[in-house]
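Engineer: Add chain B to chain A, keeping to what the hints say.
Number of protein chains: 2
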Amino acid sequence: MVDKKWVYLFDEVEAAEKACGGDWEAVRALLGGKGAGLADMTRANVPVPPGFTVTTEACNAYLEAGEKFPPGMWEQELAAMKQVEKKTGKAFGNPQNPLFVSCRSGAKFSMPGMMDTVLNIGLNDETAQGMIAKGLDERFIYDSYRRLVEMFGSVVLDIPDEAFEEPLAQYKAQKGYKLDTEMTAQDWKAITDTFKKVVKEHKGFEFSQDPYEQLRLATEAVFKSWNGKRAVDYRNAAGIAHDLGTAVNIVTMVFGNLGYTSGTGVAFTRDPATGENKMYGDYLINAQGEDVVAGIRNTEKIEHLAKDMPEAYREFLGITEKLERHYREMQDVEFTIEENKLWMLQTRTGKRTAKAAVKIAVDMANEGLITREEAVLRVSPENVDTLLHPQFDPKEIAQARSGGRVYAKGVNASPGAAVGQVYFDADTAEKMAKEHHQSVIMVRPFTKPDDVHGMLAAKGILTSEGGATSHAAVVARQFGVPCIVGAVEIRIDLEKRQMEANDVVVKESEWVSVDGTTGEVYLGQIATTAPKLEEQTDLLTLLSWADEICATDGIRPAPAGWPTRGLQVWTNADYPADARRARAYGAVGIGLCRTEHMFFETERLPIVQRMILAETSEERTKELNELLPYQRSDFEGLFEAMDGCPVIIRLIDPPLHEFMPDKDKLFEEVITMRVKGETKGLEAKEELLATIGAMHESNPMMGLRGVRLSIYIPEIVEMQVRAIFEAAANQAKKGVVVKPEVMIPLTGTVKELDWIQPRLERIAAAVMQEKGVTFEYKFGTMVEIPRACVTAREVAEVAEFFSFGTNDLTQMTFGYSRDDAERNFLVKYVEEGILPKNPFQTLDREGVGRLMDMAVKDGRSARPDLEVGICGEHGGDPDSIEFCHIIGNNYVSCSPFRVPVARLAAAHAALKHRPGGAEIIEDK
Amino acid sequence: MVDKKWVYLFDEVEAAEKACGGDWEAVRALLGGKGAGLADMTRANVPVPPGFTVTTEACNAYLEAGEKFPPGMWEQELAAMKQVEKKTGKAFGNPQNPLFVSCRSGAKFSMPGMMDTVLNIGLNDETAQGMIAKGLDERFIYDSYRRLVEMFGSVVLDIPDEAFEEPLAQYKAQKGYKLDTEMTAQDWKAITDTFKKVVKEHKGFEFSQDPYEQLRLATEAVFKSWNGKRAVDYRNAAGIAHDLGTAVNIVTMVFGNLGYTSGTGVAFTRDPATGENKMYGDYLINAQGEDVVAGIRNTEKIEHLAKDMPEAYREFLGITEKLERHYREMQDVEFTIEENKLWMLQTRTGKRTAKAAVKIAVDMANEGLITREEAVLRVSPENVDTLLHPQFDPKEIAQARSGGRVYAKGVNASPGAAVGQVYFDADTAEKMAKEHHQSVIMVRPFTKPDDVHGMLAAKGILTSEGGATSHAAVVARQFGVPCIVGAVEIRIDLEKRQMEANDVVVKESEWVSVDGTTGEVYLGQIATTAPKLEEQTDLLTLLSWADEICATDGIRPAPAGWPTRGLQVWTNADYPADARRARAYGAVGIGLCRTEHMFFETERLPIVQRMILAETSEERTKELNELLPYQRSDFEGLFEAMDGCPVIIRLIDPPLHEFMPDKDKLFEEVITMRVKGETKGLEAKEELLATIGAMHESNPMMGLRGVRLSIYIPEIVEMQVRAIFEAAANQAKKGVVVKPEVMIPLTGTVKELDWIQPRLERIAAAVMQEKGVTFEYKFGTMVEIPRACVTAREVAEVAEFFSFGTNDLTQMTFGYSRDDAERNFLVKYVEEGILPKNPFQTLDREGVGRLMDMAVKDGRSARPDLEVGICGEHGGDPDSIEFCHIIGNNYVSCSPFRVPVARLAAAHAALKHRPGGAEIIEDK
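Residue numbers (the numbering used here), protein chains in the order written: chain A, 1 to 924; chain B, 1 to 924.
Hints may contain errors.
Listed next, the in silico DSS-like pairs over lysine-lysine satisfying Cα-Cα at most 25 Å (straight line) [stated by the list, open to error]:
#  : chain 1 : residue 1 : chain 2 : residue 2
1  : B       : 229       : A       : 685
2  : A       : 685       : B       : 665
3  : A       : 395       : A       : 448
4  : B       : 676       : A       : 680
5  : A       : 172       : A       : 189
6  : B       : 857       : A       : 857
7  : B       : 68        : B       : 229
8  : A       : 751       : B       : 196
9  : B       : 663       : A       : 663
10 : A       : 665       : B       : 189
11 : A       : 751       : B       : 341
12 : A       : 685       : B       : 448
13 : A       : 676       : B       : 663
14 : A       : 676       : B       : 676
15 : B       : 680       : A       : 676
16 : B       : 175       : B       : 189
17 : B       : 751       : A       : 229
18 : B       : 751       : A       : 837
19 : B       : 676       : A       : 665
20 : B       : 448       : B       : 82
21 : B       : 837       : A       : 676
22 : A       : 663       : B       : 665
Calculated from the structure, these hints are not laboratory results.
In isolation and in its complexed conformation, chain A is listed as follows (with noise of 0.2 Å):
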């Protein structure tokens, strides 16, 4: 049997094309990313120093037969070894004329935690005097050595690094030097014997002197490091796979300290901050390239190199031009110059901010590098997130990190940055901001819905417990505010007014900056820039072009009337403000009007309380009749925004309970009243108090609300249905284009639609008779109970449109009450693997999904144009959007803030699954 090929020469790319079936990504996999472009940039004549790349298969090998090289391999990297020495005509260990490699890992993905490069393999006591000998630079040269000594001891001997550094600081203490500048040959020298002393007492054993037998024990390491702790987690925490291994790439060592016409530097081929298409780097004169990376000396920026080194120069830039038109992205570079000779060392994609990301992207397209489908795909829906939100200056989070003004990490729940003074209670912060005009931050140990008046007045909130889908998290992602739950370091004392962490207390009134994008919180405060859409033309561009895939790259039969065949991106919006913003952020229609949270308002609750108490229909009626005009006015302001789009009002959903004073806190107050003897007002409180009492639910989320209560109470949405229609109506007669949608929730049987939905439909029919106008409207459901998903066909023949409430139905389909679970059990079911991701945040494709999959195919075989959407929070989340293109969705619906991102993320789906080789959901 011929031995498996383990070892390609850089100029042997042809034959790992060939035997990955011509596939470059299989290359990438096998050579690794850094070894691929090595030998990439090698077969484009791109100096490179001549080197070979050990595969990732053999790293598996090797791992899998308990670290054992598989057979041949050694003999095959000696045999490349031999290849090298021929194309540079050194030999490997050859006093007269020794080559030095270095060594260095590359797996598929560029991956921190793995082995670092060691340098100057083949130095050793005989191949540093032959180099003297040759008239090298003897400081150069133990310089060198020293460096392999110490790179060697520590990666590949796992000897710390302080065992190393002491002795070199004692040693320049001595010498009363500051930098290592002003070391000697001698004491470089010296060191490198003190360095190999420290491997004896270490190890037991010497520090090698056989190059051969560094080149495979650091081979080896690199093997070993693919499994260490940190390379683990990384991969555990990044979702990528443990079975890609990591290549070994050996590659001629090339000096950029040899003197004046030496140096190094890294580079982009555009700016990675701004995206500005013009070179980006930094460079050193006779230095190596970690000197650069580690900010011992001052770099020069890049452009200054024309000045020093105009021939190296040229041919730098027409080398990085060609590598940007090859790879079509935007590449980050490492060269050296030994000697005046230019030689690259690595070449891949550059990271980049957001803002690059957009502008390189809109840029290559505009300057037909790629195409306008390319660039949409390069830009992230999460780099979208991120222009959107105010930001802190980076330099100055820079400086509060290092000067210890970190306060506490909780959960980045809702992204941007914010600074302000604290406060412990939604009245007072709601105060401080409207009267006192300050820029509030609302901390609170968790938030419910009577603190909502507080965290809308705030710029910014902190939580010390709670989950990313907590109250306070699902509030803020809402309305765009910034917000950290869960930083269980605070403990928060509300009648002390103040918070404690790490012995810092801070009090009511005090400072502190909140980064909702990262979760961490600075006390002081820290300058942020806020960002505007209608200003970030690049984006503009880039999220029209998204909107044109959507349009036409749709995989699901266009509803009645509908214009396009792709996912649209609708907004859930309560107010004509909100409504507004989402338009202008792109929004072509509202999947979710909650009208109960209207019936929040200082001066209807009173009226929503007497309404709900009524004993009588004729006494209910009465008090909805004053709520009518309130309403009406609502929906007039809403269809007023979004003048010829639809617009899906949801009809009442909690259970009324919600809307009732708090029961455990008139309890305490009947109990103190009784206990006192006083017994002025007692008896409207024992009756309120009973009241509530018996509207008390063992489990609110699965009784009396939706549709259920509009059946127990029709007059209710009767109300709310003539004030739709009549708000419809007005708008109409003003020449506003009117598309009301009327959303029933909670149905979980056709049944329930049966009995509510023609009594509904008459008020409509009556108000535009009343009225004397026509206009197109539906009525449809949320499909938010698993038995409407298992029964969708049934509830499709009523309903006109279904829109999913992945909410409710990631908390039925689960069984898992929301509130409880964030706060119990959901976070361990996470970090042990239990559940990948959590589910209130990306859809559950394989559970709730599959019900999802099930109702839109069963509702399409009743009712083909049936027009299916998303409101639950899922609909603003990127992967839960992909999912909603796969099972074909109209619309995905998501707050006004998230909308380009769910524009991007939309045109990502359609882009992915393209018609023709459209994905089908697994039938399981």
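Structural biologist: Quick look at chain B alone, frame taken from chain A:
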């Protein structure tokens, strides 16, 4: 176009069969039960007076057309009369030789509330005279004539009964008569005239002298009565379709009151109370049928007819034997002997008690009249249920009936017999029961959740309103309290604290007897008997036949080691005593042992609470070690009781706060202490309150319970599994065959099982090794979360069995919190027809059932011999048991008392869905 055939002579049964494609059920639907019986008897040469049936289709056509006879119907009726005249040699309306007929309604199902019989149609002044002229007894003629006018007036013309009864009473009073028998021919003639005047006064027109108009109006009256309120109500309550219509039977009058060679009677071919195989019935010489039923004269036992009219009786016996053999069922017949000539007027399947149903079925099978399978099908599961509840002594019931002690009749909502003193509100009912130790019957117009305490304290419940799924009915069945609802004759006067029905007033604290099995209320006390299964040999025989059917007629694959292909019946039992009873009742396994019940026992609860409050794992383990011996001994008892049978033990399920003191009570104590300034012990109470408060969940049903709790605090279930396996090992060593199956509740994702199951299996293995004994065991899961159904394939890769927890599965699938729903909207939902039945009683096949079907199919695709059962309350419901059979369950598990019911229901399902003719759930 040829007119449709609307009328069938009794001897045209072949034509009816042909029209119905040979389907006898369709013939019964077309001609009604009575008409089909008369036709069938005619074909069998049984002496039936000539006559004909107007079809149910005619009735429907009449009602649809706005109360107009369909084209050709009346002509067909007239033509049929001509045929009847020919057969009888008499002529309708001809004074010389008049033909008289009766007109009777007859729907497919026997149904009270529709038009009663009108006898003697054809009588008028002329034919009366003609008959007298022919020498017939004048008194008989005018008695018959006044009966016609009275019946026709009341039934056809809708004149109140009193309008006739009062003048007759006055007349008798004037004459000094007490009995009708004292009335002479002239008296009846005078009364006939009086009755004719009553008609004229009430209707403004004369009683028709035209026999054909009499016939036409009577026919119409029968048709119209189909939509009468009482008939509609009855159909609603009994679940009979409203579009069946009623037929009209026109039958030649034969007279049992033509002197001492005439008579009339009703009889059952077997004793309908006991099932004994002997003729059972009553007759009267010289009487009309209604006299027998009305109880005016004392009837003779049927066997005395042998002496009175030996020839007629011999013929009668021959005919009834022939009928029973023909129908292969016990018959309920009506006959009249007119001057020694026997006429059969009706035959139908006889109603019978549950006891008789069983005995007749078993006897008939033993006699070879029917197969054992038919015998099994002849007895309903409800019959079995009845036989296991206390019942009234049949003899006392018969006496009460003949003694006029039947007070009222309502809907038999919850079976069983109860005797007690009536009280009209819940508080008094409870007080009398608890403080005065009275047996209480709680009587209300209807009940509400507020009344539950009284209902639970009562021996029986009686309401005048509501149907079989009203609050009273639902609660009563839930708690096994005998209950009658909708006894509409009763008028309850809550202020006077009395009720009245049929002019009899029952005051508070008076005794009544309530038969929830039949729906009858009796005055006074009737003795009850509590039957024992082991003494009911016929039932035991029948159940053994049922078991044979189940064992062989399965449609499911057999799990490894499974003895039968069919549905087995297991039981839900937590204690050895329950297990023994269930085994005696025929259970062959325990499908659910709830371990947490054991935690609530007095001496254990403090340990459990300490365990919950433990702050370290060590403290917790210490308390659990104390609990271990208790649990072990519980399980030892169970394994011993179920020697050789599988025992499924569910690990702890409820949230831990259920074991803690009541929060509200503690809160009240704390506030009271604070207000009073009491400090002693306050801090401890406050601390406990805080702890319990922290355990509070918004929706505990969907909270930290089941496997979630086990993952959160694995120590509890680790103790439980150790206890199970130690107990099993101890018993196995004693020679008991143990088959423990450990059930993990509330699984929503297979990853939960991945996490916990191996841990528990290691404990099982460790215990077996410690004890040096091995036995079969399984680890599996309850399937009660929708997501478990949807991802059943994955779940079954780890779980070795599924047990549907349909209580929770119904809650989650519908999103109904059972506690809240049953006292809120569920009653209205059932009343309004939004739900066909309470889904917590009868499995919702379309929704919950579809998920279950999916789970079984997907689960078996991963594990073909997956053991599947049900342990929710539906496991004892016959309709749900049928569904479990259809989807391929291996067993159903129900409460011990329901085991015999379930055995029979399982056999019914097996017979109904025989393999080969196996039904498949329609794929939606």
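Engineer: Which numbered hints does this structure break?
Structural biologist: Structure breaks hints 1, 3, 8, 10, 11, 20, 21.
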